[in-house]
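K.L.:
Residues per chain, in single letters:
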Amino acid sequence: MASRAVIAGVGITPATSPRKQTSSSVELVQQAVWGALEHAGASPSSLDGVVIGNIDGFEGTVLGAKHLVRRLGLGAELPVSILNTGGTTGGNLMQVAARQVRSGDRQRVLCIGGPTFFGARDLQAAINTNSPMIVEQPLGMGAYHMGAFYPSAYQDRFGASVADFAVSAVQDHEHAARNPYAHLRNTLTIDDVVTAKPLSSPMTMAMVCPVSTSANALLVTSEQAAVTLRPTPVLIRAMATSSDPYLGGGKNDFAAMENLAILAQKVYQLADVRNPREEIDVVEVFCPYAPMQPMQLEALGFAPPGGGIGLIRSGATRIDGDLPVNLSGGPLCTNAGVAGELAPYVYVALQLMGDAPEAMQVPGARRGLAHGTGGTFFQFENLAILERQERS
Amino acid sequence: MTQPTITTQHVHWDLDYDVHLGATWGRFMHGLTERKILANRCPECSRVFVPPQAYCESCFVRTDEWLELPPEGAVEAFTVAWHGFRGGPTPPYAIAGIRLDGASTLLMHFVRELELSDPDAVRAQLPTGSRVRAVWAEERTGQILDIAHFEKV
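Top line first, the protein sequences correspond to chains A and B. Sequence positions in the first sequence follow the numbering used here and run 1 to 392. Sequence positions in the second sequence follow the numbering used here and run 1001 to 1153.
Possibly wrong hints are sitting among the right ones.
[As the list claims (entries may be wrong)] Some chain B residues near chain A, calculated using beta-carbon distances under 7 Å:
(1) F1085
(2) Y1093
(3) S1104
(4) L1106
(5) G1129
[Claimed, not checked] Computed spacing ranges between beta-carbons, pair by pair:
(6) D1016/B with T22/A: 29 to 37 Å
(7) T1008/B with E258/A: 56 to 64 Å
(8) G364/A with A1054/B: 47 to 55 Å
(9) R70/A with L1015/B: 46 to 54 Å
(10) G315/A with H1020/B: 38 to 46 Å
(11) I262/A with P1089/B: 31 to 39 Å
(12) R157/A with E1065/B: 46 to 54 Å
(13) R70/A with G1102/B: 49 to 57 Å
(14) F1060/B with G159/A: 35 to 43 Å
Keep in mind the hints are simulated off the structure, nothing from the lab. Ideal Cβ placement from N, Cα and C applies to all residues, glycine included.
With the hints as constraints, model all of the structure from the sequences given.
P.N.:
Structure representation (structure tokens):
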């Protein structure tokens, strides 16, 4: 029988650099999985599915998810679904689990985000293999070069400066300083960001995400299967994904996140959100490059085109503002691959349950937005509106 | 007291691949050997694709009308890479999304002959709309680098 799907438990491990990490992938994932089950108050034997992901080439194997699952101690019979949508793998985990639950096929599905940026000695070289081969990769087009096209076009249209693009990096670091699970918890000034090593114009090193190791897990259940669990359930009110052309040259406009804007309209309609700025209490967007954040806030309808930087500068997106954005510090402060992409969903769920670490909890948060993106030139977007479901 | 332990083991991949281009990109690549930039057009919406694509994603139809585009166009977006990556070109280099005259999509390529010594001055080097022209490689083997780069007209 079809059911609505809710989030009923999350687990998350503290993050660190690969160099400082002494645990294996399996150990980190175990910690997150058992953390989620404990948070939920669910026994492993009550699970009827696992959704996990990996990214080609990042771990010295494409079997990362497959070899992990059987070593978690969750039982031998558990069906496993494996996703591999590149940089959006983590963001798609919840969407697949929720569809399994909504269909009535499963009751309790565990989404597992592993530390997939862990192994590669030269991670940048591994990530760069995702730029379109044959026609664009031979042009020295790596990951952050692709990311740089957007702010470059945005500068041209709206007159933004490098210092303008630094505002989201500064704010995300401020937020990460309050998040005990974040990797980079240092604060930065605008000047620190602007004078950091130039990477690909107009981006500097401080505008690009770190390589982190951590894991997280998120339990998706039917409404019925959440009744006996401990946390206040978080309803997956609306969710969807969308995709753009594979080639960078197929983009229509680099000065706007058009693909995300189309997706947002669809998801807002499903969730009956008329005025996102007023109706959403907490936001986590996936912006591994700082300039993406203001552009994403525009595409999500929180600011007019060209208004994203002003919105961040106004203080509205800080913890004490009316639209707190990336209180986790976002991927600019912690990016562990699949775990990093699942993180927006994990953190928004924690906020709505009222179970976020005290220093970062938004009081009374009722409705949240979680977002993910990835693929060549941010080809894939995923988005969900989540709602706290008060118990009667 | 913690137990002595071994933390990591080294794993190395050394693999080569042949990617089959198919008829559409195969024809495009062959065109480059003859200094021709071939594109195709959607019969429904009339958009012109370069590199060409076998189907129009918007109209769900085959795009089998071919045309040759001039090797000239306008820059719509660009970045200067101050850092490259292993196996890539030596930085700094500029990569641009170029709207060839008559094309509906952008062709990504290098733009050379720019003054790239000062990061603060690069924007002025290639304002949006800058006209650029393809410079052909002496030896052409049917790959995107048969166009060596573009330079300002």
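K.L.:
Which numbered hints are broken by the structure, listed smallest first?
P.N.:
Violated hints (numbers, rising): 3, 5, 7, 9, 10, 12; every other hint is consistent with the structure.
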